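Q: Each chain, written out:
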Amino acid sequence: MHRKVWNDIEKIRTNSPLVHNITNYVVMNSTANALLALGASPVMAHAPEEVEDMAGIAGALVINIGTLSDSWIKSMSLAMNAAAKQNIPIVLDPVGAGATPFRTQTVHKLLADTTPTIIRANASEIRALSIKGAKVKGVDSTDSAEAAFEAGRSLARQNECVVSISGQTDFIISGESKYLVYNGHSMMPRVTGLGCTATAITGAFAAVNSNPFEAAIHAMIVMGIAGEIAAEKATGPGTLQMHFLDALYQMSESDIAGRIRTAPLSDLTDINSKP
Amino acid sequence: MHRKVWNDIEKIRTNSPLVHNITNYVVMNSTANALLALGASPVMAHAPEEVEDMAGIAGALVINIGTLSDSWIKSMSLAMNAAAKQNIPIVLDPVGAGATPFRTQTVHKLLADTTPTIIRANASEIRALSIKGAKVKGVDSTDSAEAAFEAGRSLARQNECVVSISGQTDFIISGESKYLVYNGHSMMPRVTGLGCTATAITGAFAAVNSNPFEAAIHAMIVMGIAGEIAAEKATGPGTLQMHFLDALYQMSESDIAGRIRTAPLSDLTDINSKP
Amino acid sequence: MHRKVWNDIEKIRTNSPLVHNITNYVVMNSTANALLALGASPVMAHAPEEVEDMAGIAGALVINIGTLSDSWIKSMSLAMNAAAKQNIPIVLDPVGAGATPFRTQTVHKLLADTTPTIIRANASEIRALSIKGAKVKGVDSTDSAEAAFEAGRSLARQNECVVSISGQTDFIISGESKYLVYNGHSMMPRVTGLGCTATAITGAFAAVNSNPFEAAIHAMIVMGIAGEIAAEKATGPGTLQMHFLDALYQMSESDIAGRIRTAPLSDLTDINSKP
Numbered sequence: 001m002h003r004k005v006w007n008d009i010e011k012i013r014t015n016s017p018l019v020h021n022i023t024n025y026v027v028m029n030s031t032a033n034a035l036l037a038l039g040a041s042p043v044m045a046h047a048p049e050e051v052e053d054m055a056g057i058a059g060a061l062v063i064n065i066g067t068l069s070d071s072w073i074k075s076m077s078l079a080m081n082a083a084a085k086q087n088i089p090i091v092l093d094p095v096g097a098g099a100t101p102f103r104t105q106t107v108h109k110l111l112a113d114t115t116p117t118i119i120r121a122n123a124s125e126i127r128a129l130s131i132k133g134a135k136v137k138g139v140d141s142t143d144s145a146e147a148a149f150e151a152g153r154s155l156a157r158q159n160e161c162v163v164s165i166s167g168q169t170d171f172i173i174s175g176e177s178k179y180l181v182y183n184g185h186s187m188m189p190r191v192t193g194l195g196c197t198a199t200a201i202t203g204a205f206a207a208v209n210s211n212p213f214e215a216a217i218h219a220m221i222v223m224g225i226a227g228e229i230a231a232e233k234a235t236g237p238g239t240l241q242m243h244f245l246d247a248l249y250q251m252s253e254s255d256i257a258g259r260i261r262t263a264p265l266s267d268l269t270d271i272n273s274k275p
Numbered sequence: 001m002h003r004k005v006w007n008d009i010e011k012i013r014t015n016s017p018l019v020h021n022i023t024n025y026v027v028m029n030s031t032a033n034a035l036l037a038l039g040a041s042p043v044m045a046h047a048p049e050e051v052e053d054m055a056g057i058a059g060a061l062v063i064n065i066g067t068l069s070d071s072w073i074k075s076m077s078l079a080m081n082a083a084a085k086q087n088i089p090i091v092l093d094p095v096g097a098g099a100t101p102f103r104t105q106t107v108h109k110l111l112a113d114t115t116p117t118i119i120r121a122n123a124s125e126i127r128a129l130s131i132k133g134a135k136v137k138g139v140d141s142t143d144s145a146e147a148a149f150e151a152g153r154s155l156a157r158q159n160e161c162v163v164s165i166s167g168q169t170d171f172i173i174s175g176e177s178k179y180l181v182y183n184g185h186s187m188m189p190r191v192t193g194l195g196c197t198a199t200a201i202t203g204a205f206a207a208v209n210s211n212p213f214e215a216a217i218h219a220m221i222v223m224g225i226a227g228e229i230a231a232e233k234a235t236g237p238g239t240l241q242m243h244f245l246d247a248l249y250q251m252s253e254s255d256i257a258g259r260i261r262t263a264p265l266s267d268l269t270d271i272n273s274k275p
Numbered sequence: 001m002h003r004k005v006w007n008d009i010e011k012i013r014t015n016s017p018l019v020h021n022i023t024n025y026v027v028m029n030s031t032a033n034a035l036l037a038l039g040a041s042p043v044m045a046h047a048p049e050e051v052e053d054m055a056g057i058a059g060a061l062v063i064n065i066g067t068l069s070d071s072w073i074k075s076m077s078l079a080m081n082a083a084a085k086q087n088i089p090i091v092l093d094p095v096g097a098g099a100t101p102f103r104t105q106t107v108h109k110l111l112a113d114t115t116p117t118i119i120r121a122n123a124s125e126i127r128a129l130s131i132k133g134a135k136v137k138g139v140d141s142t143d144s145a146e147a148a149f150e151a152g153r154s155l156a157r158q159n160e161c162v163v164s165i166s167g168q169t170d171f172i173i174s175g176e177s178k179y180l181v182y183n184g185h186s187m188m189p190r191v192t193g194l195g196c197t198a199t200a201i202t203g204a205f206a207a208v209n210s211n212p213f214e215a216a217i218h219a220m221i222v223m224g225i226a227g228e229i230a231a232e233k234a235t236g237p238g239t240l241q242m243h244f245l246d247a248l249y250q251m252s253e254s255d256i257a258g259r260i261r262t263a264p265l266s267d268l269t270d271i272n273s274k275p
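Residue numbers (my numbering), protein chains in the order written: chain A, 1 to 275; chain B, 1 to 275; chain C, 1 to 275.
Quick caveat, the hints were computed from the structure, so don't treat them as lab data. Values in this document were obtained by computation on a predicted structure and should not be read as measured data. There's no promise every hint is true.
You can't tell identical chains apart in this list, so a pair holds if it fits in one copy or across any two.
What the hints assert, rightly or not - Capping the alpha-carbon separation at 16 Å, the derived lysine to aspartate or glutamate pairs in EDC-like fashion look like this:
| no. | residue 1 | residue 2 |
| --- | --- | --- |
| 1 | K137 | E52 |
| 2 | K137 | E150 |
| 3 | K137 | E176 |
| 4 | K137 | D53 |
| 5 | K74 | E160 |
| 6 | K233 | D140 |
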């Protein structure tokens, strides 16, 4: 598998796909930096006057509701429709779904309108979207990815899209296909917006790989490996963030070959048998 | 005193209190990172549709007017009211009060509506709020904390709240009680938003310590010590910012015991007799 | 020339001019940090209720359309008018002009209303503003500065302002005067917002140097040298960004004297004869 991941990275570095983000204020800078470090070309644009134009020239559209306000929802819908019409892949991150009714309802409205190619979220958000009354504390996950697995499966089935759930183990689900990514480091949740960065990077992979299941898996592998490399050099979340960007920038084929830890999932009982 | 500071840090790391921030665009990322590094769980949300829900599940509410616009004022009021009703502590940072009439008036309006638990600001802002016609240049302080001391006292009395004034020496005032924190480093004002970070962190301490005077003091001690540790490793404000986050993440009881420099203030003539 | 650059830096460090930015969400934090590291005092304010007051007390106004929305255009116009009336220098960065009609039209509208002192942009944006139908991909430049040279000349002539075009070689144009700055490093475009940082820093230099052609040249020299110093210490764009801020903070007269690489341009055939 490492060859396929590397192939996508080379394509991103060579083609520098434009990734159009309508995302939250907290992570605009850090996700733009991650996309640039990886080799993609980020643009942030949210005005209703231009989102259709921008989505139309992009290689992928990333929608993230992290600091939602009413006027942005319209722009998200416009951009998603424009992207869908031109078969431009759409990655949706329902940040904080379940924390307030406003967020949950907005995601359901966006999903009713246009189907994203990939939903990328943490376990709590995935549970909130498919289980009524699930409780979420803010934007950080309080559920394990395992706990969200069944919810993710039903979400993928209902929306006929790929679902990518981040956590200590990442789960990527597409129809009957399920894949696990074990890469990553426990210090990563202590840097704000690394979940949102996973979403943005998933957009970059979706821009160069027409198989969204693969794109979602490859993105989580690269996120996790960059986090591992960074954690070896970091003394805390501040230095982790900087080394994470450097790791994305410098990542080599042998980094991937040497560190990749993944498994297809045929049976849920396999989940805890890490390699 | 270092035991009580450490006790609060342990509570933050164990309970990971949700801190709801309605704050400015400049510092959303850096204050979220500081809260995560310390062990709290930050959420940024500003839509009127959800701020009452979010404030209602939070351990503390942080209001910061740094990049104010009219539509946000309503959300700030809604969130402050919701928090006050449930006795959730509110920390208000009147960024740039005095620089424009719009900012000064907005702060007076917010204060007339709901009393915050703690007002945390720099000296120029505190002076602008209690002295008519005081001049402020932008958002950086041009007054010493000493110069703002009397203004802070009257502000604390009028609003029956704690006032925490940052500067080379920090002053924390509550009724007749006054406390000085000498910790900190002269390079800190060269990193944007470290004042706002002090405010956010004050929110985290207020979430775990029901005595807001103590919470405000402990927050300024931890800010100052993290800044000192970071400055020893930094070669400028860029590396300072990263090491500051690492220092929050790694701070130990012995760091606090070894570095804490504070004093109760009984007489204003003590101000310049640093330990 | 290095003496004149150094003279401006000393003035910035001594006077700490207030630079009022109406800028995009992505770079608010990073440009504020760059201005602080250099010695200036940044303020970000965008509310129509206060932009005239804020621009009126500033040493320079920086307008950047990177994450444009309709409600901000009015504030940009108000601030530009207020600054122009008081002869406060205005630096305009038309981020992403050409990428969507909305951006191009907004820049033309702003230019029709008030003449900025300096337009600072990348090559693609400059081309889009003076050549109808020029195509731009997002916010990253796909043209060389050389390709934008003639477009920049006509833009400077039409608007009677200085035009500063960043790229591998920077071109600064004022009437018949043209200047080249060769400083910089190839890793710099992999950090988001370093173009916007060049614009913000140009504001700081314009606040202390009444000759905007010199201010624009000095800013690009300092940007480039800080980038070179940072790149020698960096292992990727993450660490580059931190060392860049440290380099601005620590820059000495001998750094400038030892590294400055510039040339006046009398003939376009000189462009590629780098020193």
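Q: None of the hints should be skipped; say for each whether it holds.
A: Each hint tested on the structure:
| no. | hint | result |
| --- | --- | --- |
| 1 | K137 / E52 | between (33 Å within a copy, 14 Å between copies) |
| 2 | K137 / E150 | neither (20 Å within a copy, 40 Å between copies) |
| 3 | K137 / E176 | neither (30 Å within a copy, 38 Å between copies) |
| 4 | K137 / D53 | between (36 Å within a copy, 11 Å between copies) |
| 5 | K74 / E160 | neither (23 Å within a copy, 40 Å between copies) |
| 6 | K233 / D140 | neither (25 Å within a copy, 30 Å between copies) |
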